[in-house]
Amino acid sequence: MARPDFEIPELKAETEVPAVLEGTMSHSAPFVAKPEHQEPLHYPAELVEDWHDRAIAKMGDLLGRYRSLRVYLDSCVKCGACTDKCHYFLGTSDPKNMPVGRQDLLRKVYRRYFTLAGRYFPRLVGAQDLTREVLDEWYSYYHQCSQCRRCSVFCPYGIDTAEISMAAREILNDVGMGQKYCNEIIAKVFRIGNNLGLPEPALVDTLEGLEEDVLEEDGVEVKYPLDEKGAEVLLVTPSADFFAEPHVDGLIGYGKVFHEAGISWTLSSHASEAANFGLFIGSYENMRNVSMRIREAALDLGVKRIVFGECGHAWRVAYSFLNTLAGPFDFLDPDYPVPQHILEVTHDLIKRDAIKLDPSANDDMIVTFHDSCNIARATRMGNMPGGQFVIPRDVIRAAVNNFVDMAPETTHDATFCCGGGGGLLTDDLMELRVKGAVPRVDALRRVIEDHGVTHMAAICAICKSQFTKVLPYYGMGMDMIVSVHQLVSNAIVLGTRH
Amino acid sequence: MSIEVNGKSLEVDEEGYLANLSDWEPGVADVMSKDDDLELTNDHWEIINFLREYYEEYQIAPAVRVLTKAVGKKLGKDKGNSKYLYELFPYGPGKQACRYAGLPKPTGCV
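Here the protein sequences come in this chain order: W and D.
Numbering-wise, the numbering used here puts 26 at position 26 of the first sequence, and it's gapless, one number per residue.
Just remember that the numbering used here sits 1000 ahead of the position in the second sequence, which is counted from 1.
Worth flagging that the hints you see were computed from the coordinates, not collected in a lab.
A couple of the hints might just be wrong.
Derived BS3-like pairs: lysine-lysine, alpha-carbon spacing no greater than 25 angstroms straight-line [as the list claims (entries may be wrong)]:
(1) D:K1079 - D:K1069
(2) W:K223 - D:K1069
(3) D:K1069 - W:K180
(4) D:K1095 - W:K180
(5) D:K1073 - W:K223
(6) D:K1083 - D:K1095
(7) D:K1105 - D:K1079
(8) W:K34 - D:K1105
(9) W:K351 - W:K304
(10) W:K78 - W:K34
(11) D:K1069 - D:K1095
(12) D:K1074 - D:K1095
(13) D:K1105 - D:K1095
(14) D:K1073 - D:K1083
(15) D:K1034 - D:K1105
(16) W:K34 - W:K12
(17) W:K34 - D:K1095
(18) D:K1069 - D:K1034
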């Protein structure tokens, strides 16, 4: 853990709404993308000279493309329902991190250039010219939104700040002021196939290592196949699953599930990434280009099903947009959902008694579950409303004997973001990440104290990395975080079926 | 931005990673670790050297599990885990050790 150059918030029994402190996070801004990160995404290499006109033109373009954006910018009545709902406001006290404060940064410029009243009486309606200061403020505060959509659950008009923040980032990119973290990563996906930049030989080496490990630990030859033509399932998973802990323990679990159920499967070196950061920067074109790799891999390998691993926003892109972005998927088996989540696969196998779990294998743990924002509020699993809350918990309960939920105001669709979502999981935003984790860590500490919880399971690569990094700031161990399929991996009884 | 190593000025990015992998020499790790108030021992060098060898073959830093396994094989099973690596490199083996070894920073959801 690095020595922080900021104050770490004090944990409370219940997260308190802080008194407003104007401008406390105005210094926070991530590194700006370099030309080599901008150009592969077809954005200007650096801030263009006519940024003002270009930004307004782009805003006009987006207002025409997304009717929702205009509705969101028009319909806020300043009721205040959202003000205490953002984890970044609760953790930083900065009023521009209130959802309405964040929306207003774009709204005031929208009013100035796109509404009659704003054009003629700007001061009466809070309209403001787009200046360089405003542009820099956008860059700072639209990179303090993890696009988790918690505020939209509580907004009586359903205004979605995530969409406003995506639009703002798209405008910033279009004038040449992109964010290094997201754009470097998207460029890597285009060049190599995944966020990490793992080339095929490294993937092969890593997967062979996993096969050795499982054979050594469980005495069973579980395969982790790559580019195997004719496999039934293409598994698309975040590249962090190959690389980091506890992510890789989840990947080991997926392989055991497929092995035990007798389902042939493969990973792809071409589509070796489930994540799609095109979503975070609000770019339909880049999101589509990343998604197309999955279609290409599925066709090339001749698979019948596409299954996604544990990744939050990837499941949003997959569940909500994949068919429009990269469909139609009429070449896949219509008897299965397109696409399917690994938890749906495992859940179904448990229900049908096609795999056997021994939960006593996890008796050294008392487990709680962190609902990931994108899965909770932008997707579903299974065929019933709320399946995205039920299915992960069902699978965990089948894999462990000791499960405890956190406070209801912090779970299901009221879940708090881990603090690192939406393209903010970068070291240059560590202060924001640590402070934004406060509401979740408060709730976690309560179940630790009240119920002796030892581990928190997650189903998103970003959540897992974020907690691993920030929990030590609050005196908690980084190894508290586990993958849901890590629990399955520990509990699954190998060699009893087929 | 740049750092001074044995009288030479080497370019680094805003996070302190070498801009050019080929600029690396052992002095780079010495200078960077001094900045972090960390004294490099043989144990650190085992890791740094492994990272460089792996990178040369695969053009990427090794996955955490690949690294811990290699360390376990070479230095004994009790050292083949992330806890040992974090003791050596408190800022995280993936990032701090990669920086000392002159490798680019691992990107993505890690």
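Hints, one by one, checked against the model:
Among the hinted pairs, K1079 (chain D) with K1069 (chain D) is consistent with the structure: their alpha-carbon atoms are about 9 angstroms apart, no more than 25 angstroms. A C-alpha spacing of about 19 angstroms is found between K223 (chain W) and K1069 (chain D), which places the hinted pair at or below 25 angstroms, so the restraint holds. For the given pair, K1069 (chain D) sits about 32 angstroms from K180 (chain W) by alpha-carbon distance, which is inconsistent with the 25 angstroms threshold. Taken as a hint, the K1095 (chain D) and K180 (chain W) pair is honoured in the structure, with Cα atoms around 17 angstroms apart against an allowance of 25 angstroms.
Between K1073 (chain D) and K223 (chain W) the CA atoms are separated by roughly 23 angstroms; this keeps the pair inside 25 angstroms, and the hint holds. Distance check on the hinted pair: K1083 (chain D) and K1095 (chain D) sit about 15 angstroms apart at the alpha-carbon level, within 25 angstroms; holds. At most 25 angstroms may separate the alpha-carbon atoms for a hinted pair to count; K1105 (chain D) and K1079 (chain D) meet this at roughly 24 angstroms. For the suggested pair K34 (chain W) and K1105 (chain D), the alpha carbons sit about 15 angstroms apart, so the restraint of at most 25 angstroms is met.
Taking the CA atoms of K351 (chain W) and K304 (chain W), the gap is near 22 angstroms; set against the 25 angstroms cutoff, the hint holds. Between K78 (chain W) and K34 (chain W) the alpha-carbon distance is near 38 angstroms, which puts this suggested pair outside the 25 angstroms criterion. This hinted pair checks out: K1069 (chain D) and K1095 (chain D) have alpha carbons roughly 18 angstroms apart, not beyond 25 angstroms. Between the alpha carbons of K1074 (chain D) and K1095 (chain D) the distance comes to roughly 22 angstroms, so the proposed pair stays at or under 25 angstroms and holds.
Proximity of K1105 (chain D) to K1095 (chain D) is assessed by CA-CA distance (about 6 angstroms); at most 25 angstroms being required, the pair is judged to hold. Restraint check for K1073 (chain D) and K1083 (chain D): satisfied, since their Cα atoms lie roughly 16 angstroms apart, inside the 25 angstroms limit. Only pairs whose Cα atoms come within 25 angstroms are accepted, and K1034 (chain D) paired with K1105 (chain D) is accepted, the gap being roughly 19 angstroms. Taking the CA atoms of K34 (chain W) and K12 (chain W), the gap is near 41 angstroms; set against the 25 angstroms cutoff, the hint is violated.
Distance restraint check for K34 (chain W) and K1095 (chain D): the Cα-Cα separation of roughly 20 angstroms lies within the 25 angstroms cut-off, and the hinted pair is therefore satisfied. Restraint check: the Cα-Cα separation between K1069 (chain D) and K1034 (chain D) comes to about 28 angstroms, which exceeds 25 angstroms; the hinted pair is violated.
Of the hints listed earlier, those the structure fails to meet are numbers 3, 10, 16, 18, in rising order.
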